[in-house]
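*Asks:* Sequence:
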Amino acid sequence: CNETGGDFVDGNCGTSYTFCEEGSLVIEKGLRLSTGTYTRNTTIIEIVLTGDFEFVYDYTLANNQLTLDNQDNDQKFLLTRP
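Quick note: the sequence shown uses my numbering, first residue 1, plus one each step.
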């Protein structure tokens, strides 16, 4: 399980995030599938999911771990590359 904290913890545990080089994003958990796009600079990742759901995260990337900290609420993710 990827580590999560803050809002919607139970809904995000076990979710797979696939960030593709060309800027597309796939989020999967069981039968639930969301797609969208992302852009990033040195400190921020902006995600737009189908249906115009927009999220802005402060992030750090070290070794195989991506930490996302939502700027709009207390939601945090620690994603580990398999």
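In case anyone wonders, no lab produced these hints; they're calculated from the structure. Treat the hints with care, since some could be wrong.
Stated by the list, open to error - Computed Cβ-Cβ distance ranges for the label pairs, DEER-style:
no.	residue 1	residue 2	range
1	Leu31	Ala62	28 to 38 Å
2	Val26	Asn64	30 to 40 Å
3	Ser24	Ile44	26 to 36 Å
4	Asn63	Leu31	11 to 21 Å
5	Asp58	Thr80	30 to 40 Å
Stated by the list, open to error - For lysine to aspartate or glutamate, the following DMTMM-like pairs were computed, each having C-alpha atoms within a straight-line distance of at most 20 Å:
no.	residue 1	residue 2
6	Lys76	Glu46
7	Lys76	Glu22
8	Lys76	Asp58
9	Lys76	Glu54
Glycine included, every Cβ here is placed at the ideal spot set by N, Cα and C.
*Asks:* Verify the CB-CB distance for Asn63 and Leu31 against the hinted window 11 to 21 Å.
*Replies:* 31 Å, violated
*Asks:* Using the C-beta atoms of Asp58 and Thr80, is the stated range 30 to 40 Å upheld?
*Replies:* Violated: the Cβ-Cβ distance is about 18 Å, outside 30 to 40 Å.
*Asks:* Are the Cα positions of Lys76 and Glu46 separated by 20 Å at most?
*Replies:* Holds, because 14 Å separates the two Cα atoms, which is no more than 20 Å.
*Asks:* Hinted pair, alpha-carbon criterion (20 Å max): Lys76, Glu22. Please report holds or violated.
*Replies:* Measuring from Cα to Cα gives roughly 24 Å; hence the hint is violated.
*Asks:* Starting from the hint 26 to 36 Å, judge whether the C-beta atoms of Ser24 and Ile44 obey it.
*Replies:* 18 Å, violated
*Asks:* Just to be sure I understand the hint, the distance between the Cβ atoms of Val26 and Asn64 should be within 30 to 40 Å; is that true here?
*Replies:* At roughly 19 Å between Cβ atoms, Asn64 and Val26 fall outside 30 to 40 Å, so the hint is violated.
*Asks:* So if I understand the rule, the pair passes when the alpha-carbon distance is 20 Å or less; does Lys76 with Glu54 pass?
*Replies:* At roughly 16 Å apart (the allowed maximum being 20 Å), Glu54 and Lys76 satisfy the hint.
*Asks:* For the pair supplied as a hint, Lys76 and Asp58, is the alpha-carbon distance within the 20 Å limit?
*Replies:* Measuring from Cα to Cα gives roughly 10 Å; hence the hint holds.
*Asks:* Given the hint of 28 to 38 Å, check if Leu31 and Ala62 actually sit that far apart at their C-beta atoms.
*Replies:* Since the Cβ atoms of Leu31 and Ala62 sit about 32 Å apart, the hinted range of 28 to 38 Å holds.
The earlier numbered hints that this structure contradicts are 2, 3, 4, 5 and 7.
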